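Sequence lines, in order, name chains Z and A.
Sequential numbering from 433 applies to the first sequence in the working numbering.
Sequential numbering from 97 applies to the second sequence in the working numbering.
Be careful, since some hints might not be right.
Result set (DSSO-like, lysine-lysine): computed pairs, CA atoms no more than 30 Å apart in a straight line [unchecked claim]:
{"no.": "1", "chain 1": "A", "residue 1": "K138", "chain 2": "Z", "residue 2": "K435"}
{"no.": "2", "chain 1": "A", "residue 1": "K154", "chain 2": "Z", "residue 2": "K450"}
{"no.": "3", "chain 1": "Z", "residue 1": "K502", "chain 2": "A", "residue 2": "K138"}
{"no.": "4", "chain 1": "A", "residue 1": "K133", "chain 2": "A", "residue 2": "K118"}
{"no.": "5", "chain 1": "A", "residue 1": "K133", "chain 2": "A", "residue 2": "K167"}
{"no.": "6", "chain 1": "A", "residue 1": "K167", "chain 2": "Z", "residue 2": "K435"}
{"no.": "7", "chain 1": "Z", "residue 1": "K503", "chain 2": "A", "residue 2": "K167"}
{"no.": "8", "chain 1": "Z", "residue 1": "K450", "chain 2": "Z", "residue 2": "K485"}
{"no.": "9", "chain 1": "A", "residue 1": "K164", "chain 2": "Z", "residue 2": "K435"}
{"no.": "10", "chain 1": "A", "residue 1": "K138", "chain 2": "Z", "residue 2": "K445"}
{"no.": "11", "chain 1": "Z", "residue 1": "K435", "chain 2": "Z", "residue 2": "K489"}
{"no.": "12", "chain 1": "A", "residue 1": "K154", "chain 2": "Z", "residue 2": "K489"}
{"no.": "13", "chain 1": "Z", "residue 1": "K502", "chain 2": "Z", "residue 2": "K445"}
{"no.": "14", "chain 1": "Z", "residue 1": "K502", "chain 2": "Z", "residue 2": "K489"}
{"no.": "15", "chain 1": "Z", "residue 1": "K502", "chain 2": "Z", "residue 2": "K435"}
{"no.": "16", "chain 1": "A", "residue 1": "K138", "chain 2": "Z", "residue 2": "K489"}
{"no.": "17", "chain 1": "A", "residue 1": "K138", "chain 2": "Z", "residue 2": "K487"}
{"no.": "18", "chain 1": "A", "residue 1": "K133", "chain 2": "A", "residue 2": "K154"}
{"no.": "19", "chain 1": "A", "residue 1": "K154", "chain 2": "Z", "residue 2": "K485"}
{"no.": "20", "chain 1": "Z", "residue 1": "K503", "chain 2": "A", "residue 2": "K133"}
{"no.": "21", "chain 1": "A", "residue 1": "K118", "chain 2": "A", "residue 2": "K167"}
{"no.": "22", "chain 1": "Z", "residue 1": "K435", "chain 2": "Z", "residue 2": "K487"}
{"no.": "23", "chain 1": "Z", "residue 1": "K489", "chain 2": "A", "residue 2": "K133"}
{"no.": "24", "chain 1": "Z", "residue 1": "K487", "chain 2": "Z", "residue 2": "K503"}
{"no.": "25", "chain 1": "Z", "residue 1": "K435", "chain 2": "A", "residue 2": "K154"}
{"no.": "26", "chain 1": "A", "residue 1": "K167", "chain 2": "Z", "residue 2": "K489"}
{"no.": "27", "chain 1": "Z", "residue 1": "K450", "chain 2": "Z", "residue 2": "K502"}
{"no.": "28", "chain 1": "A", "residue 1": "K133", "chain 2": "A", "residue 2": "K153"}
{"no.": "29", "chain 1": "Z", "residue 1": "K489", "chain 2": "A", "residue 2": "K164"}
{"no.": "30", "chain 1": "Z", "residue 1": "K445", "chain 2": "Z", "residue 2": "K435"}
{"no.": "31", "chain 1": "A", "residue 1": "K153", "chain 2": "A", "residue 2": "K164"}
{"no.": "32", "chain 1": "Z", "residue 1": "K487", "chain 2": "A", "residue 2": "K154"}
Now the stretches of chain A that chain Z is said to cover, found in silico as 3 or more residues with beta-carbon under 8 Å [what the hints assert, rightly or not]:
{"no.": "33", "stretch": "124-138"}
{"no.": "34", "stretch": "141-148"}
Only some residues are given here: those of chain Z computed to face chain A with a beta carbon under 8 Å [stated by the list, open to error]:
{"no.": "35", "residue": "L475"}
{"no.": "36", "residue": "P493"}
{"no.": "37", "residue": "N531"}
{"no.": "38", "residue": "A534"}
Calculated from the structure, these hints are not laboratory results.
All values derive from a computational prediction rather than experimental measurement.
A virtual CB, placed ideally from N, CA and C, is assigned to each residue, including glycine.
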Amino acid sequence: DVKVTQSSRYLVKRTGEKVFLECVQDMDHENMFWYRQDPGLGLRLIYFSYDVKMKEKGDIPEGYSVSREKKERFSLILESASTNQTSMYLCASRAAGVNTEAFFGQGTRLTVV
Amino acid sequence: GENVEQHPSTLSVQEGDSAVIKCTYSDSASNYFPWYKQELGKGPQLIIDIRSNVGEKKDQRIAVTLNKTAKHFSLHITETQPEDSAVYFCAEGYGDSWGKLQFGAGTQVVVTP
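Chain Z on its own, in the form it takes in the complex:
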């Protein structure tokens, strides 16, 4: 059974804290993604990575950074958390190639107070 695992289901952090969201996949996929899910806005792409140490900005990268030191792990970093970053965060991975299936983690519900 293929898996994308996010390290936390729920997180509560204070404004200004540095926050790390971790994602691990066991499918040897080249591509990994971080999305943010908000009601009425669907899934919006924050950052993605197509190889170790490679990253590209998505549609809403401001206030976020990412790290991919190993192929199976993709981390999302909130440098200084703000209340408007309260959201559901979803990690996904896909094999390289055209039109492959994306597999999602279960999500991390982050609340910034």
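Let chain Z serve as the given structure and place chain A on it in line with the hints.
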């Protein structure tokens, strides 16, 4: 990426009836159109997809149709059951090796017994 418009935002159907969700896109370069189902507390999961060289695809009670000229595609669920209750997302892809997907805002489907 270009926007994907998804309608309706909520859909309530009686068990046994059909449900239809429609999406429109604007990028003529898009050639991959997956549909994801997200159950409560879980990440989205692929349920069906269609590529631009196909007009219709069916998998048991689920079907997807694509009209490339009009740039819209639809999800059809027949003989709905309570377990079909979920949020459904359409998406468009560009066939690049990075595998970026642009998602619609989602449709909350409620199937009432």
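Hint check results:
1. A/K138 <-> Z/K435: OK: A/K138 and Z/K435 at ~13 Å, within 30 Å.
2. A/K154 <-> Z/K450: Roughly 46 Å separates the two Cα atoms, so the pair is violated.
3. Z/K502 <-> A/K138: 25 Å, holds
4. A/K133 <-> A/K118: Roughly 14 Å between the alpha carbons, so the hint for A/K133 and A/K118 holds.
5. A/K133 <-> A/K167: 22 Å, holds
6. A/K167 <-> Z/K435: 33 Å, violated
7. Z/K503 <-> A/K167: With a Cα-Cα distance of about 36 Å, the restraint between Z/K503 and A/K167 is violated, given a limit of 30 Å.
8. Z/K450 <-> Z/K485: 21 Å, holds
9. A/K164 <-> Z/K435: With Cα atoms ~33 Å apart, A/K164 and Z/K435 exceed 30 Å; violated.
10. A/K138 <-> Z/K445: Measuring from Cα to Cα gives roughly 22 Å; hence the hint holds.
11. Z/K435 <-> Z/K489: 24 Å, holds
12. A/K154 <-> Z/K489: 35 Å, violated
13. Z/K502 <-> Z/K445: 26 Å, holds
14. Z/K502 <-> Z/K489: 19 Å, holds
15. Z/K502 <-> Z/K435: Holds, at roughly 16 Å.
16. A/K138 <-> Z/K489: Within the cut-off at roughly 25 Å; holds.
17. A/K138 <-> Z/K487: At roughly 26 Å apart (the allowed maximum being 30 Å), Z/K487 and A/K138 satisfy the hint.
18. A/K133 <-> A/K154: 16 Å, holds
19. A/K154 <-> Z/K485: 40 Å, violated
20. Z/K503 <-> A/K133: The hint holds at about 27 Å.
21. A/K118 <-> A/K167: 11 Å, holds
22. Z/K435 <-> Z/K487: Holds, at roughly 22 Å.
23. Z/K489 <-> A/K133: Distance ~26 Å between Z/K489 and A/K133 Cα, so the pair holds.
24. Z/K487 <-> Z/K503: 12 Å, holds
25. Z/K435 <-> A/K154: 26 Å, holds
26. A/K167 <-> Z/K489: With a Cα-Cα distance of about 26 Å, the restraint between A/K167 and Z/K489 holds, given a limit of 30 Å.
27. Z/K450 <-> Z/K502: 21 Å, holds
28. A/K133 <-> A/K153: 17 Å, holds
29. Z/K489 <-> A/K164: OK: Z/K489 and A/K164 at ~28 Å, within 30 Å.
30. Z/K445 <-> Z/K435: At roughly 26 Å apart (the allowed maximum being 30 Å), Z/K435 and Z/K445 satisfy the hint.
31. A/K153 <-> A/K164: Holds, at roughly 14 Å.
32. Z/K487 <-> A/K154: Violated, at roughly 36 Å.
33. 124-138: Contact hint for the stretch 124-138 of chain A vs chain Z: holds, 6 residues under 8 Å.
34. 141-148: holds (count 4)
35. L475: 4 Å, holds
36. P493: Violated. Min distance 13 Å.
37. N531: At about 4 Å, which falls below the 8 Å cut-off, the nearest Cβ of chain A leaves the hint on Z/N531 intact, so it holds.
38. A534: It holds, given that the least Cβ distance between Z/A534 and chain A is near 6 Å, below 8 Å.
In terms of the numbered hints stated before, the structure departs from hints 2, 6, 7, 9, 12, 19, 32, 36, listed from lowest to highest.
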